[in-house]
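Engineer: Since the structure of chain A is already known, use the hints to place chains B, C and D on it.
Here's the letter readout for the chains.
There are 4 protein chains.
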Amino acid sequence: MSANTFGELFRVTTFGESHGPALGAVIDGCPPGIDIDEAYIQAQLDRRKPGNNRYTTPRREADQVKILSGVFEGKTTGTPIGLVIENTDQRSRDYSDIKDLFRPGHADYTYAHKYGHRDYRGGGRSSARETAMRVAAGAIAQQFLQQQGIQIRAAMTQMGGVAASQLDWQEVHNNPFFFPDASKIDDLDALIRELKKAGDSVGAKIRVEASGVPAGLGEPVFDRLDADLAKALMSINAVKAVSIGDGFAVVEQRGSEHRDEMTPEGFCSNHAGGVLGGISSGQTVTAEIALKPTSSIKLEGKTIDQFGNAQTISTHGRHDPCVGIRAVPIAEAMMALTLIDHWLRQRAQNGHVTTNVPHLK
Amino acid sequence: MSANTFGELFRVTTFGESHGPALGAVIDGCPPGIDIDEAYIQAQLDRRKPGNNRYTTPRREADQVKILSGVFEGKTTGTPIGLVIENTDQRSRDYSDIKDLFRPGHADYTYAHKYGHRDYRGGGRSSARETAMRVAAGAIAQQFLQQQGIQIRAAMTQMGGVAASQLDWQEVHNNPFFFPDASKIDDLDALIRELKKAGDSVGAKIRVEASGVPAGLGEPVFDRLDADLAKALMSINAVKAVSIGDGFAVVEQRGSEHRDEMTPEGFCSNHAGGVLGGISSGQTVTAEIALKPTSSIKLEGKTIDQFGNAQTISTHGRHDPCVGIRAVPIAEAMMALTLIDHWLRQRAQNGHVTTNVPHLK
Amino acid sequence: MSANTFGELFRVTTFGESHGPALGAVIDGCPPGIDIDEAYIQAQLDRRKPGNNRYTTPRREADQVKILSGVFEGKTTGTPIGLVIENTDQRSRDYSDIKDLFRPGHADYTYAHKYGHRDYRGGGRSSARETAMRVAAGAIAQQFLQQQGIQIRAAMTQMGGVAASQLDWQEVHNNPFFFPDASKIDDLDALIRELKKAGDSVGAKIRVEASGVPAGLGEPVFDRLDADLAKALMSINAVKAVSIGDGFAVVEQRGSEHRDEMTPEGFCSNHAGGVLGGISSGQTVTAEIALKPTSSIKLEGKTIDQFGNAQTISTHGRHDPCVGIRAVPIAEAMMALTLIDHWLRQRAQNGHVTTNVPHLK
Amino acid sequence: MSANTFGELFRVTTFGESHGPALGAVIDGCPPGIDIDEAYIQAQLDRRKPGNNRYTTPRREADQVKILSGVFEGKTTGTPIGLVIENTDQRSRDYSDIKDLFRPGHADYTYAHKYGHRDYRGGGRSSARETAMRVAAGAIAQQFLQQQGIQIRAAMTQMGGVAASQLDWQEVHNNPFFFPDASKIDDLDALIRELKKAGDSVGAKIRVEASGVPAGLGEPVFDRLDADLAKALMSINAVKAVSIGDGFAVVEQRGSEHRDEMTPEGFCSNHAGGVLGGISSGQTVTAEIALKPTSSIKLEGKTIDQFGNAQTISTHGRHDPCVGIRAVPIAEAMMALTLIDHWLRQRAQNGHVTTNVPHLK
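Chains A, B, C and D, in that order, give the protein sequences.
Residues in the first sequence are numbered from 1026 upward in steps of one, following this note's numbering.
Residues in the second sequence are numbered from 1026 upward in steps of one, following this note's numbering.
Residues in the third sequence are numbered from 1026 upward in steps of one, following this note's numbering.
Residues in the fourth sequence are numbered from 1026 upward in steps of one, following this note's numbering.
Looking at chain A on its own, in the form it has when it is part of the complex (with noise of 0.2 Å):
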């Protein structure tokens, strides 16, 4: 039973809560001779942290990450490698207003239930400062993975009713949103404003993509490569809905457009999304998620306090007005550690990993 464990081969598994002295994790089952750039992984927290930009919560956390074991002169040793980042913006605050509340689409009454009592700090271990980690040893994972040749990325293709008309990889860099359209910005721009006036937050979504997979990854018949990512993206806070290649598209469409049909030059389409059996079939690996509006806003509420009395609850904190837009590195790292998972498994099983060929020697 591993709650915060992620992986079967690639284990990681984290911990810390977001008022706490430090986050931490542990990445089990990395194989060893693996070349780390620290430097890349600190590009990647950077991408997620806070502070980033005016359309994200003012909160400054340095994020930096420091490699407790299992590296040496610069590579992977085959050990468990132990990750800290120590919590540097705790101020000591007055909890008194909401210590006793149960805050509307938070965790907070859920997890009274579950554990029987109240940290009454935050978010605690719901908080979404946890995915640090997994960015953090997701940077781990993609080393890996681009040394095989597979590639991550992911973009925002949608905030509110904004959405991208293309999907324009390199105008994702050139944007605080990772939106791959640059003809949206100004609206992406006037939408947040708009929100921080009314005290509002909105959904987003997300794409995410991987190329250069090789067909054979992924197992039958309960850990499908597509079941696991679902699991994994899933597990990203706030997200509601997880689809692969065409999603929910597919129940309006017919077997003959559906079914990606096969040349001796390749697939003709890829409305499966690059999964095929829960196996994936050397097309790019392609997902969607939607993430629910931020829960905590300026907007007065209904709530009620842990003794069930009626309660109203506004909240003037630091918070972002759409979580999306920093979920992106966090999907690519799930994603990650998702495919790296199942490519050791697969070499697990075959001594190898089946190369990308249109056809069978």
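FYI, nobody ran anything at the bench for these hints, they're computed from the structure.
None of the values given here were measured: they were computed from a predicted structure.
For glycine and all other residues, C-beta sits at the position ideal for the given N, C-alpha and C.
Any given hint might turn out to be false.
To be verified - Straight-line Cα separation of at most 27 Å, DSSO-like style, residue types lysine-lysine; simulated pairs:
hint	chain 1	residue 1	chain 2	residue 2
1	B	K1091	C	K1327
2	A	K1327	A	K1222
3	D	K1124	A	K1124
4	D	K1221	A	K1100
5	C	K1100	B	K1124
6	C	K1124	B	K1100
7	C	K1327	C	K1091
8	B	K1100	B	K1327
9	B	K1327	B	K1221
10	D	K1222	A	K1091
Stated by the list, open to error - Stretches of chain A that chain C covers, calculated by requiring three or more beta carbons in the stretch to come under 8 Å of a beta carbon on chain C:
hint	stretch
11	1162-1170
12	1237-1243
Structural biologist: Chains B, C and D only, in chain A's frame:
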């Protein structure tokens, strides 16, 4: 590494291929002393089995389950429950026409890459026939859950362009489509006729719900109830998308709309689908899945053989025009297997499962 | 939580009770393409099965194993291998004499406490009959290991006071005791006669070895090869002690004696039993186990019934005077299951299994 | 695959090398609401730490544990407990003399084969330093178990030829050898002096017991309490044998002697060591382990370097003449980690842990 096992505490391992002598499952971790009604298991299997009506494949399989261990005098003993269903309808047919072909939309190609060989007799392990064992195991889980006050139900809410306008759970038992809207049965019937004529197929949407779920089920941060449910449902053959609560609609929602406000009388809405921070809230857990259209159709399509040559394929076998119909009891089973596992995990950690009270004592 | 599962990558799950309709096992994670000789599996089962000779219980069980899945045209497919043995010798006997009694030395009392009920038909799940499935699964593992150059063998080296003076592996095949010393067979025969006359039983010691094991198998720090082997062997019914290499003799050894010095020609000795720091050294892996005397004996003993009343018990059934004899093939099986699992783990992490070279390149 | 994780429900994952910046552990699955006394954890660590007295290595390590998460206001929260101990005594020494040598009896050679590289700074991950984290985690488990009425204790009962003649548990606290026989302390002192003079080392035997264990803990058939305990104890550095109850003595016992007869007043003896059929009987659980003599000694020995050349080695560092002494608190910790895991598993399956009643209701 448990490719063919689902669950952590209530572990279901399945085995068997569509054309082998038998299918089977082992349930390890079922609590002792649970009353088991074998007729209930068989009834659930009968809902899934092919040949039930004219809308599904006319293949006839008795799907008669035998309990080999773990049940004594009508009660579980606490030891592993072994289940077997013999394959009785294995025609010794000639496979030579498809022996070398990769069927588009099927797992032929990906399994060949994964395992380095080809089982040309048909779907083999990737066949939906495997899900019979999930339904059998799920029926045992459901008997336990019902004794805890948890009720699970599912319905097909859309097939192709025909969507239910209402959610009439009584109606689900009255038609062969498990459809919750009596006014649309004729449309569904017409659509199936049209598809059969055209030699084509269509996708479907299924809704599955669990009521009576106590607050507190689910684990932070990876083994969230919604994440495990996403994996469970995505692992069903042909599923391409999973959503919880409002699903993809949250992208365009505002925080003031989505957050479910709370009053001493309970939650004011259920946009979250019964899960907050990955943990059940006591509200009804709701999920939807999208199933792709059947890949085996009469309409000719392009493909390759295993030597890489261009070929065409047209399937004349006994296949459902909409695989989504028979997935209704499978979705219920996977919901049940997910919930029983988290129910036991909660009991392991706390010694009890928290009750559905509106506030903490 | 996998009470009835052994292994991480080569996972064996067993089910079935001694008095139920069948025993079974599922092997999940067996690599594809392995040649499987069913006659070899049956031959290993026949070595274990009761009624083989006059020294073991005269119960006759066909122990005919059926492969239900995972093997096609003589090769493993990579999908789970389902195995079943039907129980054919279930006499419909009268259990009323022992129905309420806890048999001393048996699991009756502890199972009753664990599960809160009593299966009065006999050992049930705690019966050594379950080990038939271990032998079947071990025989599949052994075929894989043999193809990798790894050879496993075991012998009973002591029964009661009769200890082998030499380790003649050829002799092991010549006598029904699996004993490696021809000069002691008459003593063993006499001891069995004496025990039968007295209505008593005696313990035994078994030695099991694996040669050709490549250096590098085993994981620090918990899943050491010797730790997993200790668990594997201790899990055999009646085993009370496990030792690796020199075992308890190391308590009185000096470091200068115990450390196995190394030369370019290899190790100078093998006090370590082929494992250093939990990882195989390339030397022969050696282990010994102690098996307690059969608990079911004719000699009357004190016990209680399930109501707490004082009772006496005397067993007149068909029982081995020394359960250790039949444990020889079981010990081989557990060694095989441990080694194949670590072999696959090493391959997963490194992409290859290091060879038995005397020094690193 | 959890090489560096112990346990199924109370999962302890450790990381860190002897010469890296820190050691750490994550405990996942500790129930919420348990009172944690940090001073008790530190006290257990102090019993294990080197430099405690003149009989163990004079290396000084503060072994100051920091709790990074999972404990709030003196109670566990139910979220993962992160623990870190910084390595403070990492002398920047010159390793050139042993850089290329494989030290006989150490894991240098086997790790090199496993990982394909050499961490020449010393034991690294294979160092017994890692066991500090086991002691810290075990101290948390022990606080839980004590609150359930379970008491664990261990003693060194033999060092070389000096064996305890009595088991005086009070005396264990009075001498630096954790020895239960005051009359032998002078002999032990003399033996250590002799070994230091000779530049040699010696083995040891440790006994560990748990009383107050309820009947019913342990799972058939692989995850037996004794099997998991065997693994736990064999995973301690230098352990070469594990026995339960009478251990290897059972080989020469008769069934009439070994089986522990039962009366309404309880068991008449405890040859079984508190475990029947792999499940606790309510009697005291007893185990013994054998630890090999320290491999790093002054006496010159033959070895090879990593190029395969013949070399000699003589260790002049700070090493214990008997590593067994410091293993006493480690054995207690591993007993505690094994028991808490099975205690929680029993509670998961039954909703309660059966009480130590002499007969079933």
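Engineer: What are the numbers of the hints that this structure violates, sorted from low to high?
Structural biologist: 1, 3, 4, 7, 8, 10, 11, 12
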